[in-house]
Amino acid sequence: MTSKNEGNGEFTLDIVKLTINGQEITADKGMTVLEAAQSTGIYIPKLCYDPDLKPYGACRLCVVEIENIRGLPTACTTPVSDGMVVHTETPVVSEVRRTAVQLLMTDHPCDCLICHRREQCQPFDICLRSVAVTDRCVTCPKNGQCELQEVIDYLGITELPFSRTTRSFPVDTSNPFFNLDRNKCILCGRCVRTCNEITGVGAIDFAFRGYSSRVSTFGDKPLVDSTCQSCGECVVHCPVAALMPKDTTQPVREVATTCPYCGVGCQIYLGTRDNRVVTVRGNKDKPPNNGHLCVKGRFGITGFIHHPERLTTPLIKKNGELTQATWDEALGLIAGRLDKYDGDEVGVIASAKCTNEENYIIQKFARVVLGTNNIDHSARLCDSSTLAGLGQSFGSGAMTNPINEIRNARGILAIGTNTTEAHPIIGLEVKRAVRSGAKLIVANPREIDLVRFAEIWLRQRPGTDVALLMGMMRVIVDEGLLDPTFISERCENFDAFKASLNSFGLDRVERITGVPRDLITDAARVYASSKPATILYGSGITQHCHGTDNVIATANLAMLTGNVGKPSTGVNPLRGQNNAQGACDLGALPDVYPGAQSVTDPGTRQRFEAAWECPLPSSPGLTLTEMLDSASEEKLKAIYLVGENPVMSNPDIKHTRKALERLEFLVVQDIFLTETARLADVVLPGATFAEKDGTSTNTERRVQRVRKAIEPTGNSRPDWWITCALGQQMKGKGFDFEHPSQIMDEIASLTPDYGGISFERLENGGLQLPCPTPDHPGTPTLHTSAFTRGKGQFIPLDYKPPAELPDDNYPLILTTGRSLYHFNTGTLTGKVTGLNALQDKELVKINPGDARALGIDDNDMVKVISRRGEVMARAEVSETSPAGVIFMTFHLAESPTNMLTSPALDPVARIPELKLCAVRVERVPPGV
Amino acid sequence: MVKAEIRQQLDELLSSYNRDGSNLIPILQEIQERNGYLPEEAMRKVAQFLKLPESAVYGVSTFYAQFKLVPSGRKIVRVCRGTACYVRGGVRILREVEKHLGIRAEETTTDLEYTLETIACFGSCALAPVVVIDKTVHGRMTPAKVKQILADARNGDEAKS
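Chains Y and L, in that order, give the protein sequences.
Here this note's numbering is used: the first residue of the first sequence is 1, the next is one more, and so on.
Here this note's numbering is used: the first residue of the second sequence is 1001, the next is one more, and so on.
The hints are simulated quantities; they were obtained by calculation from the structure and are not laboratory data.
Do not take every clue at face value.
[Unchecked claim] Taking lysine to aspartate or glutamate pairs in the EDC-like style, the calculated list, with each CA pair at most 20 Å apart, reads:
#  : chain 1 : residue 1 : chain 2 : residue 2
1  : L       : 1051      : Y       : 879
2  : Y       : 54        : Y       : 285
3  : Y       : 654       : Y       : 634
4  : L       : 1003      : Y       : 858
5  : Y       : 340       : Y       : 634
6  : L       : 1051      : Y       : 197
7  : Y       : 221       : Y       : 181
8  : Y       : 221       : L       : 1041
9  : Y       : 318       : Y       : 681
10 : L       : 1051      : Y       : 449
11 : Y       : 221       : L       : 1040
12 : L       : 1068      : Y       : 220
13 : L       : 1075      : L       : 1041
14 : L       : 1051      : Y       : 447
15 : Y       : 733       : Y       : 339
16 : L       : 1003      : Y       : 857
17 : Y       : 439       : L       : 1020
18 : Y       : 654       : Y       : 675
19 : L       : 1051      : Y       : 455
On a predicted model such as this, the values are computed, not experimentally measured, just so you know.
Looking at chain Y on its own, in the form it has when it is part of the complex:
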């Protein structure tokens, strides 16, 4: 609604003046009459209108009279124009609206709607009009929030001049989270349009005709058998009770917080009642999600918070059995045992699921109390190549641009990311960009959902990304599509890089990647000529034994075309866990203190020694994978592990389990008795995100508040409290915090990028890093005028094949990834009944050709065998897997896929090659 151009004081021509009901108002050009009326508080009834959706003009309730326009135009579809004179309440308008609503009411269960006793009637009163219980407003869960009720009230309709018809559709209860009751549907199309315009899924549409018209899936099948992804966005947009959550408990209070699942960090409200979280809804006013949520965020939270298997008391292993203990016993025991070890005999594993404050405290505990730099966390397994790669190229390893800029990109390269399943809300951004004309290039061996929206799909062989990207860059250089100004002014080392392109002739690239050279050329041209263009990547890029090279290749490509430091461009790693960014930023890593400050730099070390008032170890510690190796050699004797489950998440878990069993002392702090916690000597019960205060940093570097909604379950405690208590028990200085906000103040004093962060500032929404001072507004886009390291560095690359290639004994490639319905090791999602109903077993996705050759049919039990172990799961014959490649997730304990995966490490980032290993598949005859 700004009326001035900033700076020059000139009035823009984007304002129009119009008159509504005699009142003169101004509105932005491009607004509709309905929006203009609403902005001045003039009510116009409507049912099909929804501010999130394109104007539709179907319900005919917003009809108005406009002078010099014939007939009764719908206010929701008519743009404002200068001098327009609108009347929203005339007898004609009123009559048309009444008739439209009365026609709708003829087949809506409506007796209560026009009953004179409506205000007095209670759900269990006997109805004098013999209205069936199921048809009564007073028993309808939407009563009081129903938009049809609102409109009928406004129009003052008290009778129905038409004869009633009754629909008798069976209610579709197939979805575990919500029901579709077509008998209450008013055919406004908001759900249908939501499913198309917002989510891009298109699971439902109108089908049939006339009185039989209904919202239908393909083939009129139950929702659960359709392409529906259960996000519940349609439920949010339904004006009546046709789409309703199964659980309709109403909250008494709502608390704004951050979703605990993936790295998007959606802003949500937790609704509570009697110290229970009963509802979750998206926060419409805040990025990155602006109200949208995926199935896990909307329906997968309350299930785990209140799960009966939550740990409620500390446990100590006595004679091989974990038995209940008090906090004093448990902390005393741990303090006594850990005190015995030297710094290099202990390791600490922090958690990308915990808050910033907790990660800070955990690394401080490791360094100050235990005197070791042996501190790491599971971002090692998914994101460490980003830190190493983008660190070398740009100077900082994080998403360069905000999530909500993706929608304005003209070109998108999505490589190694199954965005719609692993980061659904970013998936919405990508689809939104495509709808407004962006060209999407998907590079993925699997036919992921985004392929439907892609202009070009590059189906490279797993592990050949460097060759593919170098091939594209070769085309860009050969055809002169590069940005010479950007390269010469902003970057360095271009000539050496250019020379390294010589060995990537398209013949060779085609041979390595399996992608036809013409397609590579097309992709290169599309990426280079669609500006701004953005690159999105996920673990398909990072989880390789040359993951760092993969990351560098994406950075080279972006710099080559000048797509860095501007809106809607950049290189954007999509992080898997809610606080992977924060855990890395706050020093839960063996080689850096908070703020990526090296432990080997004497000046830095002295500063931290002064702040923490104790001497600190000077050499980098062991990484996560190295700690386990060291444990299996019995050099590392004890591990303090918070909120991670390496027995499921690490590669080659047989080795991981053995290593953990060799330890003399293992402490696990978690909210459930995970596969790893079962091996522990002491288990400490942590609190969930809903039971504590703090902050987390999402994948776009946005620090956001986590707020306490309910008291911790049983005797569980927030992780920051536990680690502080342990620090104090072990006589550590600087662990006497009473609230996480105090920890954040200490973080801000030691971490330059977090210098301006405080709980007070975050009250009104997140701040994007770097935010060095209390008056700094945050940094949405990185590298705008200079790269963090000064100049962007081009780095020459060679193609290196994967560590393990298929051979006669192991002829197939296994690639792993995520499913929409589960998260990481399933510790949280596996506790949610509805998510398990949507997916309860691991599926081996195998190409029809391979399946035929092995005699495997859909749903056959198969055994997948690698050099390290074997796993049983059901087969799904699917063309989404290319020939020679099978796909599995790693979420489900019954089929622990990481028994199979390879521990081969990237030489720089020490990330294991989780994305690729050689396997063979055998059919298991039934009954075995």
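Chain Y is already provided as a structure; the job is to place chain L on it using the hints.
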């Protein structure tokens, strides 16, 4: 096997269209013409080809009366429900046909032999009530006569085979 046939037919059929959503109805019409109905597999393929949601293709397929979602029988039996036929007992004829074939109006027998349809007026009111089997008009029907005609039609088939 059937799936493979449909896939082959579609590959050929779709090759003459470009991937523009406005081609949806012409494509569906051609599939309907070749198969007598729109197989589910074909609708999915068309959705994929035109990059439309499957549900949108289904919406169009169910909206127009010209599209059938189940195969029609080899013989189409049409019973007239126009005014003249109605007055002369058309409903009783319809009930008799339904009883004889074991299906309701607008359904097809499981052996795909007969589809029973009703029409609003066939324009042969002088012969009311009228039953039309394929292209042959049978006038002045009674329940007994229509039963005989259907029996004859079936016997005729058997004799031929």
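Right, here's what the structure says about each hint:
Distance hint between residue 1051 of chain L and residue 879 of chain Y is fulfilled; the C-alpha atoms sit about 17 Å from each other, no more than 20 Å. As the CA atoms of residue 54 of chain Y and residue 285 of chain Y are separated by approximately 19 Å, the hinted pair is consistent with the 20 Å bound. Between residue 654 of chain Y and residue 634 of chain Y the alpha-carbon distance is near 16 Å, which keeps this suggested pair within the 20 Å criterion. Of the supplied pair hints, the one linking residue 1003 of chain L and residue 858 of chain Y holds, its CA atoms being roughly 16 Å apart against a limit of 20 Å.
Note on residue 340 of chain Y and residue 634 of chain Y: the hinted pairing holds, with a Cα-Cα distance of about 16 Å set against a maximum of 20 Å. A C-alpha spacing of about 14 Å is found between residue 1051 of chain L and residue 197 of chain Y, which places the hinted pair at or below 20 Å, so the restraint holds. Among the hinted pairs, residue 221 of chain Y with residue 181 of chain Y is consistent with the structure: their alpha-carbon atoms are about 14 Å apart, no more than 20 Å. The hinted pair formed by residue 221 of chain Y and residue 1041 of chain L meets the criterion: a straight-line CA distance of about 14 Å does not exceed 20 Å.
Under the criterion of a C-alpha separation no larger than 20 Å, the hint pairing residue 318 of chain Y with residue 681 of chain Y is consistent with the structure, at around 8 Å. Under the criterion of a C-alpha separation no larger than 20 Å, the hint pairing residue 1051 of chain L with residue 449 of chain Y is consistent with the structure, at around 12 Å. Under the criterion of a C-alpha separation no larger than 20 Å, the hint pairing residue 221 of chain Y with residue 1040 of chain L is consistent with the structure, at around 12 Å. About 14 Å separates the Cα atoms of residue 1068 of chain L and residue 220 of chain Y, which keeps this hinted pair within 20 Å; it holds.
Distance hint between residue 1075 of chain L and residue 1041 of chain L is unfulfilled; the C-alpha atoms sit about 24 Å from each other, more than 20 Å. Annotation: proposed proximity of residue 1051 of chain L to residue 447 of chain Y holds, straight-line Cα distance about 14 Å (limit 20 Å). A threshold of 20 Å between alpha carbons decides the hint, and for residue 733 of chain Y with residue 339 of chain Y the separation of about 15 Å falls inside it, so the pair holds. A distance of roughly 16 Å separates the Cα atoms of residue 1003 of chain L and residue 857 of chain Y; the hinted pair therefore holds under the 20 Å criterion.
For the hint pairing residue 439 of chain Y with residue 1020 of chain L, the CA-to-CA distance comes to about 17 Å; that is within 20 Å, so the pair holds. With a CA separation close to 12 Å, the supplied pair residue 654 of chain Y and residue 675 of chain Y stays within the 20 Å bound. A C-alpha spacing of about 11 Å is found between residue 1051 of chain L and residue 455 of chain Y, which places the hinted pair at or below 20 Å, so the restraint holds.
Hint 13 alone, counting from the list given before, is not met by this structure.
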